[in-house]
Amino acid sequence: MTALRGRARLVGDDVNTDSIISSTRKRESLDPAVLKQFLFEHVDPAFAASVRPGDILVAGKNFGCGSAMEVAVTTVLGAGIPAVMARSFSRTYYRNAINNGLLPLICETGGIRDGDILVSDALGAIRNERTGETLRPEPLPPIMTAILGAGGLVPYMRQNGDFRL
Amino acid sequence: MAGRTISEKILARKSGRDARAGDLVVCEVDCALGTDGSAPMALDYFKAMGGEHVRDPTRLVFALDHYVPPTSPQTIGLHRVMRDFAQRFGITLHEAGEGIGHQLIVETGRALPGGLVVGADSHAVTYGALNCFATGIGSSDLAAIMLCGRIWLRVPESIRVVLTGQSPGGVYAKDVALALAGRLGADGAAYQALEFTGPGVATLALEDRLVLSNLAVEMGAKNGIFPADAETIAYLKSRSVETFEPVAADPDAHYSQTVEIALDALTPQLALPHLVDQVVALEDAVGTPVQMVYLGTCTGGRLRDFHQARAVLEAGGGVAPGVQLVVTPASREIRDAMSADGTLDALVGFGATVVEPGCGSCCGTCGVIPGDGVTVISTANRNFKGRMGNAKASIYLASPAACAAAATRGVVTDPRKVWQ
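Line by line, the protein sequences give chains P and E. Okay, so the first sequence: first residue is 1 according to the numbering used here, each after it adds one. Okay, so the second sequence: first residue is 1 according to the numbering used here, each after it adds one.
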C-alpha cells in the first residue's frame, strides 16, 4: 500500500457526489485538472484552493451517495487527495474509488479532528499524530486488493483482459 | 442449507456458481447502459485499457439523455463521440429526445426477469421492478464490460420488504418509497438488496413498481427487486420476443431483516430539503410556499404519473399565479401517449413548460433551472443541495398528485383535500 501522510479534511455524513463535484460542471469538462478547482464548491467555496497534495478526506457515514458519476472520484484524485476515510461509503463511490486507485478506508472516524496529521504504516494502519490513536481500516476483498495493487481497473484490465477471482 | 433470495439465485445463474450473500462472483452481463453522462468517460477508459473491439455490442445500449438538447460545443462533442463509437461497433444508440435511458431499457424489453442488467448511472436499479438484478455502476466498470462482457459483484444480503394491503386514494407508489426511505435511512440498505414481496405487490402496476425500485438506491441499496407475476408478463408481452425465466425466492431464504409496510395505513409523504431520507407526513408541511413544480424524471415521468397530476390540476382549477409548472416526459413513447389522450394539451393549457423527453431539470444538466431562493416540489428522486443546478434553491420530493396539488395552491397541499 502507498504510504499516506496528510492533513485530515473533515467533510461530514451523507456527502453526495453532486456536492463533491456539481454535475453541471462535467458538462464543460471531464478533465480532473479543470474540475478540481470546483471541488466541494457549494459546501465551501474556499475548499479547492486550500487543498494540499496528500490531504485525506475524512467523512462520517455514506460517503459518495447519490449519482454514480466517476468524476466525483477523479476530481478528488486530481486535487492530489490519495485517500478517503469514512465510516461507510456508498457502493458506487467505493467501486469507482478502487477502479481509479483512490484508497477508500472504512474505519471509525469520529475521533479525528480537522487538520489532524494522519500517517499510514506498512500494514495499512492509520496513526493520528495528535492523539496517538491507531485506526485499522477494514481489509479489502482480494479482487479489490488486486485492482488497487495494479493501480486501478485500467492497468488491471490491460494485464488480465478479464476479471479473475 | 438455507434457501436463496431472488438476488442470490440470479447471480448464481449468471456466474455459474452457488452464489450466497457475501460471496464474490464474476457474472455475464445481459445488458449494460451508458448515457451521455457516463459513456464518454467509459470510452476513455476503454481506450486506455487497450480496447480495440467490443466483446458483444448487442448487449450494450447508449442513450443521450442528460444533455437534451445539447447546448454547448462540449456536450455536442460528447454526443458525437458516442454516436461515432456506436456506429463503428453496431451498438444501439437512443438519440437525444427519445427519452431517459432507464425508461428506454424498460420500454424496449431489455430488462427481463431473471436477467442481469447494469447501467452506468445510479438509477439503473429501476429495472429491478421487472424481476432482474439491476444495479448502477461507474464508467470504468462499463468500460470493462465493453471489453470482456463481465462484471465482478459481491452477492448482497437482502432486506425483505413486505407490502400488505392496498394504498388508499391520494397515496401512491412514491409515498410508499418515501416512507421506506424515511424508515431505512439514506444508507439503511447499503450494499444490500431490497426484495419486495407480500400481497401488496399485486396491487401495484408495473409503473408503480418502477418507482419503488428506482428509489432503492436512495437507501443505499445495490438493487431493488420484485417477483415476476401476471402484471410483469403482461407488460413484457408486447415489448420483448425473448424468452425468459422468472426467479422466485425460496420460502426458507435468509434475509438480514424484514420491513413491513401496510399500504392501507399510509398517508401522503414528503422529503424535505436537502436529504431524501428526511421524510415527513405531507400534512405536517402543508402551507409551505412553492414557486416551481417539476413533473418528470425516471421516478415520476411516466404516463400514470401525468394522469394523476392532470386529475389533481383539473380538480384544483389549474395552476396558481406565481407557480412555474415544468413537465418532462420520461420518453417519447410517453409523450406521444400524453399527446394522444389529451394530457399534454391539458398540461399546456394549465401553463406548463414542456421539455423534450430526457433527464430534464433533475440534475441541472439541461432543462429549466430554479432561480435563487426558489422552492421546488418535484416528482424526482433526489433533493440534494444544488441538485437541479442551483445551490440556492430548495427541493421537496413528493408524488405527482402531491406536486400537482401544490401547483394548484402555490403551497404544499394534501392532494386528498383538492378533491373535496
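Hints are computed from structural coordinates only; laboratory data are not their basis. Keep in mind that a hint or two might mislead.
Unchecked claim - When the alpha-carbon atoms are kept at most 30 Å apart in a straight line, the in silico DSSO-like pairs for lysine-lysine are as follows:
#1 385/E x 36/P
#2 61/P x 385/E
#3 9/E x 237/E
#4 47/E x 61/P
#5 61/P x 36/P
#6 392/E x 36/P
#7 9/E x 36/P
- Regarding the pair residue 385/E and residue 36/P, is the alpha-carbon distance no greater than 30 Å? 19 Å, holds
| query | Under the criterion that the straight-line Cα-Cα distance not exceed 30 Å, is the pair residue 9/E, residue 36/P satisfied? | reply | Violated - the C-alpha atoms of residue 36/P and residue 9/E are around 42 Å apart, more than 30 Å.
Q: Sort out whether residue 385/E lies within 30 Å of residue 61/P, counting only the CA atoms.
A: This hinted pair holds, its Cα atoms lying about 18 Å apart.
Going straight from one Cα to the other, do residue 47/E and residue 61/P come out at no more than 30 Å? 35 Å, violated
*Under the criterion that the straight-line Cα-Cα distance not exceed 30 Å, is the pair residue 61/P, residue 36/P satisfied?*
23 Å, holds
**Item:** Agreement of residue 9/E and residue 237/E with the hint, judged by alpha carbon distance not exceeding 30 Å
**Value:** 24 Å, holds
Hey, residue 392/E versus residue 36/P, does the alpha-carbon distance stay inside 30 Å?
-> Given that 30 Å is the threshold and the Cα spacing comes to 22 Å, the pair holds.
Checked against the numbered hints above, the structure violates hints 4, 7; every other hint is satisfied.
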